[in-house]
Amino acid sequence: MNPSTLLNAPVNSTIKNMTIPMLYGMVLMMSFYIVDTLYVSMLGTEPLAAFSFTFPVTFTLVSLAIGMGIGVSAVVAKTLGENNKDRARQHASVSMGVSAILIFSLAMIGWWQHDFIFTLMGAKPENLGLIRDYMAPWLVCSLILIMPMIGNSVMRASGDTKTPAKVMGIGAVINAALDPLFIFGWGPVPAMGLQGAVIASIIASIVSCIIVFYRVTHTFDMLGWGYSFAQIKESATKVLAIGLPAAASNMMTPISSSILTAIVATYGSEAVAAFGVGSRIESFAMIVVLAMSMSLPPFISQNYGAGHYKRVKQAYYSSIKFVMLWQAAIYLVLLVFSGMIAEAFADDKSVVEIIILYLMIIPISHGFGGITILTNSSLNALHKPMASVGLNIIRLFVLMLPLAYLGGYIDDIRGLIIGVGLSGVLTGIIALLLMRKNLKELLGDCDERNDCHDTDQETSKE
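Its first residue numbered 14, the sequence shown is counted upward by one per residue in this note's numbering.
Source of the hints: derived by calculation from the structure; they are not laboratory data.
It should be emphasised that the depicted structure is a prediction, and the values quoted were computed from it without experimental measurement.
Accuracy of the hints is not assured; some may be wrong.
Here are the computed distance ranges between Cβ atoms for each label pair [what the hints assert, rightly or not]:
| hint | residue 1 | residue 2 | range |
| --- | --- | --- | --- |
| 1 | K453 | W124 | 34 to 40 Å |
| 2 | N21 | G142 | 29 to 35 Å |
| 3 | D424 | S26 | 43 to 49 Å |
| 4 | M55 | E366 | 15 to 21 Å |
| 5 | Y227 | S118 | 37 to 43 Å |
| 6 | D424 | P193 | 23 to 29 Å |
| 7 | M353 | I442 | 56 to 62 Å |
| 8 | I114 | G239 | 14 to 20 Å |
| 9 | P193 | T279 | 16 to 22 Å |
| 10 | I442 | A342 | 36 to 42 Å |
| 11 | P415 | K29 | 35 to 41 Å |
Each computed DSS-like pair below joins lysine-lysine, with the alpha-carbon atoms no more than 30 Å apart [stated by the list, open to error]:
| hint | residue 1 | residue 2 |
| --- | --- | --- |
| 12 | K175 | K98 |
| 13 | K179 | K29 |
| 14 | K326 | K98 |
| 15 | K246 | K453 |
| 16 | K137 | K362 |
| 17 | K246 | K334 |
| 18 | K453 | K179 |
| 19 | K326 | K453 |
| 20 | K453 | K362 |
| 21 | K246 | K98 |
| 22 | K246 | K29 |
| 23 | K397 | K29 |
| 24 | K137 | K334 |
| 25 | K246 | K397 |
| 26 | K179 | K246 |
| 27 | K397 | K98 |
| 28 | K179 | K362 |
| 29 | K362 | K29 |
| 30 | K29 | K98 |
| 31 | K362 | K175 |
| 32 | K450 | K334 |
| 33 | K453 | K334 |
| 34 | K326 | K450 |
| 35 | K334 | K179 |
| 36 | K453 | K397 |
| 37 | K29 | K326 |
| 38 | K397 | K450 |
Ideal placement from N, C-alpha and C gives every residue a C-beta, glycine not left out.
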């Protein structure tokens with residue numbers, strides 16, 4: 014997509030055209046996690062529980078990458094909106110190098126403190142060996158597994174969501190094909206169990222890395238070399254000013270998930286296994302929201318840089334209206350098929366019952382969760398990362414964890430699940446009020462300066 018399209022084409026159709034390719038890619042990428050979970054579940058409850066313990070830790074590193082991707086996307090897209098391609102290339106190049114250093118450093122800390130981290134999360138000594146089988150190769154190869162996300166952010170900042178979607182799709186297909194081979198073995202390939210799942214992921218990610226870095230370098234010309242110290246400092250400062258708060262905000266989710274996992278672990282391995290399955294199904298159920306959260310920020314950042322503030326407002330409100338209707342429909346589907354879904358992932362009756370309970374309650378809040386996700390991404394795109402950080406603190410530590418604990422105290426595991434769902438609803442309402450305030454201030458400042466670049470013709474094209 015030509016970057017100028019984001020500044021001139023009708024808002025709703027542009028968002029749709031950017032989101033649909035991302036949706037295809039996200040479907041395949043989320044199937045990556047669903048397929049992994051499905052195959053691991055065939056190994057038994059203990060391997061599935063061990064696999065569930067790994068999610069908060071792997072997502073911590075992924076969250077760092079997401080945060081840095083948000084930073085580079087916001088800075089590069091805004092710079093492109095200001096019509097400065099050379100400076101955008103500089104920002105993209107420096108941010109990829111800085112991201113690689115931060116991601117690998119955090120991964121090595123995780124490798125060094127492996128047993129301490131998972132014991133703190135509630136893992137039993139007998140779980141640690143299985144967890145280590147998965148996490149050791151994952152942490153060592155973290156750059157291969159994660160860096161394609163940063164490259165994809167550079168392409169999305171340029172207005173191209175098709176290539177990142179294809180990359181995610183190719184990686185997911187390769188992973189799905191290799192999973193049974195390495196997990197269960199075939200011919201000369203021995204059965205590796207839980208470790209086989211991560212080996213399949215690493216091989217798939219190698220292919221993704223090759224494609225991403227070729228496209229960023231040769232097709233988009235967004236990777237340069239030989240920058241001066243002053244240029245590196247400038248770009249790193251700009252990107253980190255958004256990327257680090259965004260990363261911290263995103264990393265709150267796995268940190269709070271670790272605490273929640275520790276709470277859930279008090280109900281037994283069956284509860285941990287059920288929550289691991291539920292969280293992955295939940296991610297798949299929110300896939301449209303996640304796709305929009307990747308396509309909306311480049312649109313907002315470029316229009317923010319160009320001064321088209323009314324287009325920013327229209328894009329945000331159109332997106333959340335659609336998300337509320339979409340997630341209501343998804344909830345009805347999950348409600349009808351919750352039993353079938355649970356039985357596909359577990360044989361243990363206790364695990365099945367908790368999965369069904371999870372799917373009947375948590376998705377009620379998904380529409381409001383969509384508002385929170387899109388508000389967070391929009392605030393980062395408007396270069397207001399600290400507002401996003403504050404919203405996540407409220408979501409996770411003021412609402413979710415206290416309400417989950419209180420709910421569990423009142424009504425056991427069912428009360429805990431209700432508490433988590435209620436926190437999602439309340440956070441969505443707060444997020445909407447916060448974004449309304451920021452948009453009102455943005456448009457008010459624009460009107461006072463009399464420099465709003467939007468025209469009635471642009472708005473009427475919808």
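Tell me, which hint numbers fail for this structure?
-> 1, 2, 5, 6, 7, 9, 10, 15, 17, 18, 20, 22, 24, 26, 28, 29 and 31
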